[in-house]
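Novice: Here are the chains, one letter per residue:
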Amino acid sequence: MIRRATRFLDERAGAAPFLRKALRYVFPDHWSFLLGEIALYSFVVLVLTGIYLTLFFEPSLKDTVYHGSYEPLQGQKMSEAYRSVVDISFKVNAGLLIRQTHHWAADVFVVAIVLHLLRVFFTGAFRKPRDYSVVMSVPIVGASLAVLVWGAGYPGIPSFEGRMYIAHVFLLPIAIAVLLSLHLLLVVARHHTQFPGPKRTERRVVGLPMVPGYVPRTLGLALAVAAVLVLLGGLVQINPIWQWGPYSVANGTNGAQPDWYLGWLIGALRLMPGFDVTIGDYTLVPNPFWGGVLFPMLVFAFLFAWPTIERRRTDDRDVHNLLDHPSDMSWRTAVGASVFSFVAVVFLAGSMDRIAVSVGVPYTWQIWIFRAGLLVVPPLVFVVTRRICSELSERKWSEVEPSMARE
Amino acid sequence: MRRLGRWAIAGAVLLVGRGQRRRQLPPPEPVVDAWEPAPRAELLVAGLLLLAAALAVAFIVIYAGGADTQLLGLALGLCFGTLAVASIVTAFRLTPPEEAEEPYPERFHSTEVAEVEQIASESGRPLTRRRLLGLTAGSAGLALGVALLAPVASLGPVFDTNQLRREPWRRGVRLVDSEGRVLRADDIELDTLHTAFPEGANPEILASPIVVVRVEPARLDLPVGRRNWAPGGIVAYSKVCTHAGCAVALYRAPHFEPSRPRPALVCPCHYSTFDPATGGTVLFGPAGRPLPQLPLAVGPKGELIALGGFSGAVGPSWSGVRE
Ligand code: FES
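If you're matching them up, the sequences are chains A and B in order. Last residue of the first sequence? That's 407 in the numbering used here, and every number before it is there in order. Last residue of the second sequence? That's 323 in the numbering used here, and every number before it is there in order.
Simulated from the structure, these hints should not be mistaken for lab results. Honestly, I wouldn't trust all of these hints.
[As the list claims (entries may be wrong)] Covered by chain B, according to a simulated footprint, are these stretches of chain A (three or more residues, beta-carbon under 8 Å):
1. 72-80
2. 94-108
3. 187-200
4. 214-220
5. 284-295
We put the CB at the ideal spot given by N, CA and C, even for glycine.
Produce the entire structure from the sequences given, and follow the hints as far as they go.
Specialist: Structural data, given as structure tokens:
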């Protein structure tokens with residue numbers, strides 16, 4: 001049976017040699033390697049649920065009056081777009097489940113992709129020959145954020161009409177899918193990295209082969225991701241836009257709380273001192289540019305440039321298949337941690353108003369506390385991380401080779 | 001009948017024989033590690049698969065009968081969950097924990113790299129005007145690229161910038177609330193925030209919504225030239241924040257005097273704070289310029305009317321937009 005199927009494929013597509021290799025493709029094992037897979041599987045859920053939703057969503061700003069089953073909105077004027085989302089939530093069978101699963105998948109996708117990025121950074125997986133699979137991930141993250149921003153705004157705000165909607169459901173997802181496949185292709189072409197260990201060297205990769213061991217494991221992970229997302233989508237409410245009411249220019253509080261993953265941008269916008277760069281009556285740079293555009297661009301530029309920066313500094317042009325333990329690379333780990341802490345402080349600053357309400361520290365003080373934090377925390381994190389790293393790696397080496405440490 | 005029986009036996013023997021001849025090949029070297037069977041785990045997996053099938057059926061039943069979101073989510077989520085457990089049991093009990101080895105791919109294929117270079121240079125050998133050809137090909141490619149992108153221009157501007165410029169406030173336009181009722185000067189009390197719109201205009205135009213508050217006349221300190229813009233201390237400002245265009249929806253009115261300096265208009269997005277008593281100047285926050293003020297007057301029947309347009313450009317300061 002299997003012989004016949006394989007022969008069928010081989011005669012038509014010459015696929016047998018490829019299949020033979022693929023079946024025993026080796027996957028090195030470490031829990032942190034699962035992060036990328038989780039991102040991939042939530043992307044699949046995101047796309048599938050998204051396709052279903054596009055069948056019901058109407059990207060139109062034409063006015064309409066609601067006559068549906070949801071009482072509080074009865075008779076209200078709203079856009080077609082908003083009405084269609086309320087209908088997906090209340091009228092379409094299973095619509096709310098799919099919609100909420102879609103939203104949760106987006107959230108999990110962002111978290112997983114960011115953690116994956118951190119993993120790759122701190123273990124040095126971005127070095128040659130994988131520098132380009134990493135460089136590629138930066139536009140992936142960028143495009144994902146763009147989709148989310150357009151999705152988060154919806155429905156009903158003027159920018160989310162027809163053409164923007166096409167970007168959200170069509171252009172950007174296709175771009176992400178293409179980049180993602182390229183990324184995976186590049187990874188497979190150069191094989192996965194591994195942590196050093198017995199038999200694990202720069203020349204030989206050791207791990208679980210695709211069949212029989214790896215397939216059921218990763219299938220289990222994919223199904224578990226789907227299970228968690230669907231359970232969240234069914235049981236935990238997210239983005240209940242029917243409670244916020246349709247958007248109008250005069251009603252600021254509608255959905256003014258953006259999704260959490262935009263917290264770092266909100267934080268940057270709020271921390272920025274208030275000034276516009278002007279020449280006479282002409283506004284050259286409006287204030288939101290600094291926090292909303294320049295800041296995220298700098299973060300992405302850092303990720304983009306890091307492989308080059310490190311190569312310049314260490315003058316290391318070798319091919320690396322073995323990963324670093326973060327503690328052995330104290331400089332890289334310290335720089336990464338310090339940049340990350342900067343972004344984290346800005347992110348926290350995005351919730352200054354919540355802190356003011358729940359802890360009672362006045363907002364005006366917090367602005368200054370956080371601004372000071374931005375100057376103090378990153379250098380502090382740099383120094384502390386560096387210390388911890390060198391201590392850890394010293395201890396490790398002294399265990400391996402006590403005589404070396406004593407010298 | 002007996003003949004038929006003989007045929008059947010002969011056929012069976014032939015079939016069996018065919019199979020046996022295959023089996024006589026020497027067994028190949030094993031590729032997959034040996035691993036002890038686990039019949040109980042197999043039973044568990046089978047049970048889980050059955051349970052998943054049942055949950056999937058339950059999903060269909062719930063879907064057909066009313067489709068309660070929580071139940072749907074539970075059924076489908078648990079179905080995926082049991083399948084996940086089945087996969088993981090399979091992975092850990094029914095497959096060997098192999099440590100396979102493979103060489104990493106070569107750093108690069110030196111022969112092929114050299115050959116590619118050779119093919120390229122040999123193909124280009126008859127060319128005498130390489131620079132010229134390269135330049136012309138480049139310009140043709142560039143021009144074609146621009147030409148192919150040009151049709152995108154028919155999409156027109158993504159944002160309707162005319163909307164920003166439309167100015168619904170003119171001398172004599174009355175102020176109405178969101179229900180369309182005319183606002184009278186007596187309606188405006190101290191320490192409350194009113195949202196108003198120009199009568200008869202589209203309330204969704206950016207320049208339409210304004211905030212109206214009453215400030216104690218003694219406190220007023222408007223810029224020169226705006227002396228008569230605030231009848232009885234009533235002032236009006238555009239409701240669109242000059243920072244990034246959110247609605248200035250909060251009014252911080254001190255009911256307990258010492259704790260807060262003075263009443264202020266606050267934008268909930270990034271907390272730009274504007275002083276209504278001094279012409280909308282920025283007290284705090286990231287906004288770069290004051291809120292545009294709308295001159296007010298009281299009409300013959302006590303209703304509020306605009307005296308003209310705003311003191312500056314409405315909306316966020318995108319490039320070029322300035323007072
Ligand atoms: S939009 Fe009002 S403070 Fe940013």
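Novice: Are 3 or more residues of the region 214-220 of chain A near chain B, judged by a Cβ distance of less than 8 Å?
Specialist: It holds, with 4 qualifying residues against the three required.
Novice: Are at least 3 residues of the region 72-80 of chain A within less than 8 Å of chain B when you compare beta carbons?
Specialist: Per the Cβ count (0), the hint is violated.
Novice: Using C-beta distances, would you say chain B covers the region 187-200 of chain A, given that this needs three or more residues below 8 Å?
Specialist: The restraint on the region 187-200 of chain A holds, since 4 of its residues have a Cβ under 8 Å from chain B and three suffice.
Novice: Check, residue by residue, whether the region 284-295 of chain A contains three or more positions whose beta-carbon lies closer than 8 Å to a beta-carbon of chain B, and give the verdict.
Specialist: Contact hint for the region 284-295 of chain A vs chain B: holds, 7 residues under 8 Å.
Novice: Closer than 8 Å, Cβ to Cβ, for at least three residues: run that test on the region 94-108 of chain A against chain B and report holds or violated.
Specialist: Three-residue rule met by the region 94-108 of chain A, so holds; n is 5.
The structure fails to meet hint 1 from the earlier list, while all remaining hints are met.
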